[in-house]
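Peer 1: Go ahead and model the full structure; you've got the sequences and the hints to work with.
Numbering (the numbering used here), first residue to last: -18 to 129.
Source of the hints: derived by calculation from the structure; they are not laboratory data.
Hints are supplied without guarantee of correctness; some may be wrong.
Stated by the list, open to error - Listed next, the in silico DSS-like pairs over lysine-lysine satisfying Cα-Cα at most 25 Å (straight line):
#, residue 1, residue 2
1, Lys117, Lys39
2, Lys(-13), Lys40
3, Lys101, Lys117
4, Lys40, Lys111
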Amino acid sequence: MSLLDKLTNDMKAAMKAGEKDRLSTIRLLRGYIKNASIDRQKELNESEEIAVLQSAAKKRRESIQAYSDAGRDDLVAKETAELEVIQSYLPQPLSQEEIEKIIDSAIAQVGATTMQDLGKVMPVAIQMAKGRADGKTINAIVRKKLAL
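Peer 2: See the structure below:
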């Protein structure tokens, strides 16, 4: 079952249960996926659908930060609720130890030794993480390991 099918089934369940906030978020996510499909002029595969949801989650995290800096607790709560729904459809994120193992493997694979090799390590590490780790987190750990 594709992610879009799962969203459709969950949308129906949320309608029947009267969960208005969850329903609006699911409708929004379905729209994001359909728009991305239209933009690319093809059906999205599962990894592309997950990338769309990761982008939506990243936007929510940035909005939460901006709203909390501005003291808008009402909007922080709304964005946090949406983020929780989005995260329920994303794959389970990797732990810190798992990310470090992947990065160690990527560094060994490309033979990186200095900070100048950052550009070689990042694409390999991100590919190995397969969307289960944030690029910022991967970058910070790679920089820390290559700086040693």
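Peer 1: Work down the list of hints and note, for each, if the structure agrees.
Peer 2: Do the hints match the structure? See the list:
1. Lys117 / Lys39: holds, 11 Å
2. Lys(-13) / Lys40: holds, 22 Å
3. Lys101 / Lys117: holds, 16 Å
4. Lys40 / Lys111: holds, 19 Å
No hint from the list above goes unmet by this structure.
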